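S.K.: Note that the first sequence covers residues 8 to 509 in my numbering.
Note that these hints are calculated values from the structure, not bench results. In this text the structure is predicted, and so the values were computed from the model without any measurement. Glycine included, each C-beta is placed from N, C-alpha and C at the ideal position. Some clues are possibly wrong.
What the hints assert, rightly or not - Okay, the calculated beta carbon distance ranges per label pair: (1) S62 with A33: 38 to 44 Å; (2) A34 with D288: 57 to 63 Å; (3) E72 with R187: 26 to 32 Å.
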Amino acid sequence: MKIEELYALLRRRGLLWPTAEVYGSAAGLYDYGPLGHALKRRLEMAWESWFLGLSEDYYRIEPAEILPEPVVRASGHLANFTDPEVSCAECHASFRAETVLEKVRPVGVDGLSSEEIGRLIADNQVRCPSCGKRALEVPRPFNLMFELDWGAAGKEHAYLAPETAQASYLAFPRMWDVGRHSLPLGIGVIGHAYRNEIAPRQVLFRMRSFTQAELQIFFDPEHFDLPFPSVADERLPVLRASDRARGLAAPELVSARALVESGLPEFYVYHLVQELRFFRDVLGYPTERIRLFEKSESERAFYNRIQFDVEVNLESLGGFREVGALHYRGDYDLRRHGEGSGKEIAVTVPDGRRIVPHVLELTVGIDRNFWALADLGIGAEGERTLWRLPAYLAPVPVAVFPLIAKAHGTEARALVEELRGAGVPALYDAGGTIGKRYARMDEVGTPLCVTVDGETLDPAHPHHGTVTVRERDTKSQERVPAGELAARVASRVKLPRAVMAS
RNA sequence: GCGGUUGUGGUCUAGUGGUUAGGACGGUAGCUUCCCAAGCUACCUACCCGGGUUCGAAUCCCGGCAACCGCACCA
8 MKIEELYALL
18 RRRGLLWPTA
28 EVYGSAAGLY
38 DYGPLGHALK
48 RRLEMAWESW
58 FLGLSEDYYR
68 IEPAEILPEP
78 VVRASGHLAN
88 FTDPEVSCAE
98 CHASFRAETV
108 LEKVRPVGVD
118 GLSSEEIGRL
128 IADNQVRCPS
138 CGKRALEVPR
148 PFNLMFELDW
158 GAAGKEHAYL
168 APETAQASYL
178 AFPRMWDVGR
188 HSLPLGIGVI
198 GHAYRNEIAP
208 RQVLFRMRSF
218 TQAELQIFFD
228 PEHFDLPFPS
238 VADERLPVLR
248 ASDRARGLAA
258 PELVSARALV
268 ESGLPEFYVY
278 HLVQELRFFR
288 DVLGYPTERI
298 RLFEKSESER
308 AFYNRIQFDV
318 EVNLESLGGF
328 REVGALHYRG
338 DYDLRRHGEG
348 SGKEIAVTVP
358 DGRRIVPHVL
368 ELTVGIDRNF
378 WALADLGIGA
388 EGERTLWRLP
398 AYLAPVPVAV
408 FPLIAKAHGT
418 EARALVEELR
428 GAGVPALYDA
438 GGTIGKRYAR
448 MDEVGTPLCV
458 TVDGETLDPA
468 HPHHGTVTVR
478 ERDTKSQERV
488 PAGELAARVA
498 SRVKLPRAVM
508 AS
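Taking the hints into account, I'd like the entire structure generated from these sequences.
M.R.: Given below as structure tokens:
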């Protein structure tokens with residue numbers, strides 16, 4: 008489906024819409040409606056269930072989303088989260104200052120003011136890479152973080168968190184004390200990140216406020232024991248940086264064992280498998296739509312020692328797009344915050360070494376995967392539009408209809424109340440005809456529809472007390488005793504695994 | 001942010017200086033005893049916002065906002 012078509016469908020069914028529509032909307036901001044919120048929550052629960060379920064030493068926290076200035080100074084965001092741009096007054100093309108100046112200043116432009124960059128351009132008579140004219144304009148300073156004035160005097164600054172990760176690094180010392188003083192220690196966060204994007208676009212893929220789910224695993228690089236043999240034979244659709252350099256464009260299925268033999272550490276490959284399994288097995292993306300895209304040294308952030316992005320091929324966005332990533336960040340983060348705060352952030356491990364733990368970061372973009380689920384799952388099947396959503400993600404797990412509203416409405420409503428009482432969110436619909444109701448639920452991915460009919464209510468009929476359960480994907484029907492319904496639905500929508508607090 | 005294209009009910013659209021702004025789908029209510037978007041009746045909902053031109057603007061002009069495509073950007 009094309010992007011506008013898919014967005015129209017999601018808007019029409021109230022899953023999603025632009026913020027402040029009555030004022031003409033605000034680019035890059037979206038509201039989730041009732042069904043969208045429900046799906047997003049299910050997606051977050053699935054994330055928590057899967058990633059925190061990887062170990063009993065992984066915990067979820069809920070940090071603040073405003074960071075004081077010293078934090079973003081230490082993390083590097085204040086200096087590096089800015090992309091100095093220059094534009095050409097003649098042809099209106101714009102470029103990163105770094106790109107334009109790389110010949111005259113190989114060390115980069117980090118930390119330079121816009122005046123200094125402008126002087127460099129003038130002194131070196133730099134020409135526009137596009138039209139060749141000497142019409143490059145002094146760059147305007149631009150930082151992608153939202154800056155806040157705070158405190159009564161307004162002299163101090165704070166920033167809306169540009170990523171959720173920093174809060175987890177800041178929480179590490181406290182978590183070390185709260186926990187059992189042992190590594191690995193995992194800190195999971197589902198939270199908002201805020202970025203003042205120059206050109207927000209493509210609905211949920213470039214937003215000014217969005218939701219990230221991240222697991223930061225702190226570990227001792229000399230001792231990270233994992234059951235690697237259990238995943239050694241798993242085959243991953245990888246596209247290696249070295250292969251891309253040779254011109255290869257399509258991913259190859261490579262076993263986890265082979266990846267380790269190629270030089271990647273076991274702990275990294277083990278988690279690459281877990282990341283893949285989340286998208287493939289939990290969210291249900293087809294393997295051929297997924298690729299694990301290795302970033303080369305020049306492509307990845309300088310603090311990342313190894314980086315694979317998880318990309319899915321989306322029709323609405325015309326190709327592979329990043330929906331998650333696995334970063335081996337080394338000890339960069341804790342070291343920087345140790346320096347920035349003036350307090351040593353280090354721990355003593357059982358053999359007596361004093362170490363700064365290393366960080367492995369597993370990220371999942373919640374909004375982007377919301378979109379990917381819609382893109383990959385929604386499709387036409389003959390006359391009907393169908394959303395093939397894993398049952399445990401469905402915003403409405405079950406809908407209940409009376410075959411004839413007047414004749415069976417009371418009993419159908421009673422069944423809805425019974426299901427809700429048993430903890431199953433059920434929806435009642437008596438509008439239109441039975442076929443129309445099935446179609447409506449197909450469109451939002453409801454896996455099961457239940458119909459109460461005359462036979463249900465007729466004590467003389469062999470089907471007395473049973474209802475029709477209809478499957479979304481196959482349209483097949485089955486008579487089921489009404490009393491078994493709650494258990495049946497609950498088992499269908501069970502999450503992959505349960506962890507604390509889910 | 002630059003360039004191009006576009007903006008009419010919830011959705012898709014007709015209308016291009018004077019229309020009761022039309023239709024389809026949808027939604028609501030009713031009729032129809034109805035297991036896959038049937039039919040009938042009634043009702044609901046729209047010219048993105050602000051200026052300008054004009055006797056008169058949904059229609060023309062300017063500005064803004066938003067979306068799509070391309071460029072740039074995406075730490």
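S.K.: Is the hinted range of 57 to 63 Å satisfied by the C-beta distance from A34 to D288?
M.R.: Violated, at about 35 Å.
S.K.: Does the Cβ-Cβ separation between E72 and R187 fall within 26 to 32 Å?
M.R.: For E72 and R187 the Cβ distance comes to about 28 Å; the hint holds.
S.K.: Lying within 38 to 44 Å: is that true of the beta-carbon distance S62 to A33?
M.R.: holds (40 Å)
Checked against the numbered hints given earlier, this structure breaks only hint 2.
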